[in-house]
Amino acid sequence: SVSSIVPESCLLIVVGLLVGGLIKGVGEKPPILKSDIFFLFLLPPIILDAGYFLPLRPFTENLGTILIFAVVGTLWNAFFLGGLMYAVCQLGGPGLNHIGLLANLLFGSIISAVDPVAVLAVFEEIHINELLHILVFGESLLNDAVTVVLYHLFEEFASFEQVTILDIILGFLSFFVVSLGGVLVGVIYGVIAAFTSRFTSHIRVIEPLFVFLYSYMAYLSAELFHLSGIMALIAAGVVMRPYVEANISHKSHTTIKYFLKMWSSVSETLIFIFLGVSTVAGHHYWNWTFVISTLFFCLIARVLGVLVLTWFINKFRIVKLTPKDQFIIAYGGLRGAIAFSLGYLLDYHHFGMRDMFLTAIITVIFFTVFVQGMTIRPLVDLLAVKKKQETKRSINEEIHTQFLDHLLTGIEDICGHYGHHHWKDKLNRFNKKYVKKCLIAGERSKEPQLIAFYHKMEMKQAIELVESGGIGKIPSAVSTVSIQNINPQTLPLERVLPALSKDKEEEIRKILRNNLQKTRQRLRSYNRHTLVADPYEEAWNQMLLRRQKARQLEQKMNNYLTVPAHRLDSPTMSRARIGSDPLAYEPKEDSENLPIITIDPASPQSPESVDLMSEEPKGCSGLPPSPEEDEEGLVMRVKEPSSPGTDDVFTPGNSDSPSNQRMLRCLSDPGPRPEPEEGEPFIPKGQ
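According to our numbering, the sequence shown is numbered sequentially starting from 381.
Calculated from the structure, these hints are not laboratory results.
Keep in mind that this is a model prediction, so the values were computed, not measured.
Hints should not be assumed to be uniformly reliable.
Computed cross-link-like contacts, BS3-like style, restricted to lysine-lysine with a CA-CA straight-line distance of at most 30 Å [claimed, not checked]: (1) K637 with K772; (2) K414 with K404; (3) K631 with K817; (4) K817 with K836; (5) K704 with K631.
Listed next, with one range per pair, are the computed distances between beta-carbon atoms [stated by the list, open to error]: (6) V386 with D416: 54 to 64 Å; (7) K836 with K414: 41 to 51 Å; (8) V688 with V585: 27 to 37 Å.
Don't be surprised by glycine CBs; every beta carbon is placed ideally from N, CA and C.
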């Protein structure tokens, strides 16, 4: 019940304080957490466990944000805290005046780094969402390079009589050497471990040993050359894991997993207990001004750094960090045993104020672990911060995630933008084409993990069926293995589909064939409940086609008979125009065969003057079509004049009448067309 309120790290420190007080009470000297024991034996298992089981996808997707927090944030904390503490020492009185700028900067570099052990101990208990966890934990892992560089840099500068510009430039370059050198050492040992695991198929017992051995050698090799051992361990774990797990047996994988968890848990317990014991056993020098100023400026530097850096990062992030996220990141900057061990490593000869530094470091550690560690869980619940999903992702989610990765890679290639999806795809192709063939044994380097897992489950079910005597149940062609669940399940009843007769099926096929072949024709819509052939369907289709042809011909006639409208002429002017050009109005020989069109004399050239009457398709009037009608197609009947008292020039009926002549002229010469206005379609509507 206590551990649900108080984090385990706080309880372990309390246990250490009680044990240290008990040892001191009986007159013995309590053991102190020595830096060599911490860095060589207690820290590597925790870092290896974190690096080997690092969630690689969220880590790589947020690598830019993590690096900004780890590098720029740690540098800001170190120099901001060191500069302000130097000002406090200059104003703090005779007990602090002798502490110089380099000593304060060294103290700032020790106390500014977020501790991975403390972050792991607290954040794994509150089950924070994956994004916040990887941001804070990734920062605590990668800021080791900055801490190592600053620590050794200021320690070396303290022994110099004068620091030159060249020393500062070399110190800046040493950061890249320490960080990238540590990563390179880790990658080399990771590749060697993966290559070695390729040849361990006949000695499965020692497979886990190679993982621990090469990882520890990577850490020791990096520390030997003052490189970042933490980054070497992380790189070795990340590089070796996919290839080692493809080569080793399932039992070896289980051994590695649980041994690493147990080893890191024991190391974490010993670290916090020894931290409590060392607090009782160590020599302390308490200075209220220095300790309280350190604690206050640590909190201020962390909050300001997170706010400013997040404002800058959010300009480039798609998923923005909300104010709640920023609060959790700032509040989760816990300090731990790494700061205590680095402070314990200080030399009395160069740093006579080591005891005061250690006292301030222990105060900051206790405050962050106890106060912030105990209150972060209720604050997460109060702010309703998203929690971590405990369930594993289904195969459906995995497949869709890979599909989206391929889709985004294709979009980046089309746009010519070389984003992280593009480089990730290039790396995967290189890995599949070259690296896997060298580091993974046998056929496992070629087949995907999903298929390999499927084959493994299929083999397991086959063995279970053989052992249970159910060999007859094994299907010959189709496998019944469920990838998500190994246990056999009863298959659901199949849905009964209605049976169709051959005639009905043929009718449906015919309807579909007609509709699919004549998609541009306007056919009658069908009802899905009455899919019965219509005996009048062919005649109906023919009638529709004839009407459509009649409309097209009508539109063409309208286009030919429509001329630009001029101002209306009087009947006298019309007679004068006809008399001036009698040849153009002579009737042609075959004028009897042409359809007769009535003309409205009030507007002889108006588009509304054309009227088609009595259009009847061939064969639809009840009489058999004549040969002439067969050749002519559409027959156009004469419309009777609306008023019998019109002028005799426009009286219809005679072939040599002026109206007949006007119609012939319109048919032979449609007249000038107006220029199309801007915005009008080139082809008139309806054609």
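- Straight-line alpha-carbon gap K414 to K404, limit 30 Å: 18 Å, holds
- Message: Taking 41 to 51 Å as the stated bounds, is the beta-carbon spacing between K836 and K414 within them?
- Response: Since the Cβ atoms of K836 and K414 sit about 47 Å apart, the hinted range of 41 to 51 Å holds.
- State, for the Cβ atoms of V386 and D416, whether the hinted interval 54 to 64 Å holds or is violated. Taking Cβ atoms as reference, V386 and D416 lie about 31 Å apart, which means the hint is violated.
- Message: Hinted pair, alpha-carbon criterion (30 Å max): K704, K631. Please report holds or violated.
- Response: Answer violated: K704 to K631 is near 42 Å, above 30 Å.
- Hinted pair K637 and K772, Cα distance within 30 Å: Cα-Cα ~17 Å, so holds.
- Is K817 close enough to K836, meaning Cα to Cα at most 30 Å? With a Cα-Cα distance of about 21 Å, the restraint between K817 and K836 holds, given a limit of 30 Å.
- Item | Hinted pair K631 and K817, Cα distance within 30 Å | 24 Å, holds
- Item | Range hint 27 to 37 Å (beta carbons of V688 and V585) holds or violated | Since V688 and V585 have Cβ atoms about 54 Å apart, the given range 27 to 37 Å is violated.
Going down the numbered hints, you'll see the structure goes against 5, 6 and 8, while the others check out.
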